[in-house]
Amino acid sequence: MSIEHQSHDQTMDKVKAAFARDIKGDWVTNTRNYDRALCECMGFTRDNNSYWDMVIDGVKVEIKKVNTSSREAIIPLVRLAEMKLNPSLADSITVILVYSGNEIIDRMFIHTQRLVDYCMPTKSHARLVRLTHHVFKHLFRTHNQAFIKLSVLHSLSS
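Residue numbers (my numbering): 295 to 452.
What the hints contain is simulated information worked out from the structure, not anything from laboratory work.
Careful: at least some of the hints might be erroneous.
[To be verified] Lysine to aspartate or glutamate pairs mimicking EDC-like chemistry, simulated, CA-CA at most 20 Å apart:
id, residue 1, residue 2
1, LYS310, ASP400
2, LYS318, GLU397
3, LYS308, GLU376
4, LYS310, GLU376
5, LYS308, GLU366
6, LYS358, ASP385
7, LYS318, ASP303
8, LYS318, ASP385
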């Protein structure tokens, strides 16, 4: 069931309840492939999808981790651009897990469409990001990314 068929409050409540438990472990400090270990830790199956990491009770969930020392999340702009151009891809909740050491110390829950609208105000911006993504990827072997401060993420969260 898509988020638009549920109330935003019900959808958010399902995800918040799933993340209400104490989450910690060696996987927390991993900068890559932490989503699989997180899913195992929480008893969920990882969803091999570019736009979300797991599905909790019918709700698609994307996970982002932020170390307290960096104070910002890194979000691939091309994914946000693709979501702006195809809004059904943004039918999910983005969970920001803030960690210190190997312990999660804060959680933020954001309807992904709010994050998309913040970073991609128009479809013209989204098309430009997709175009430059291919240039950066092939010429410089790098990706366009947004570095979003924790204070901004807090303002977008529910």
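inquiry  = Could you work out which of the previously given hints the structure breaks and list their numbers from low to high?
reply    = Of the numbered hints, 3, 4, 5, 7, 8 do not hold.
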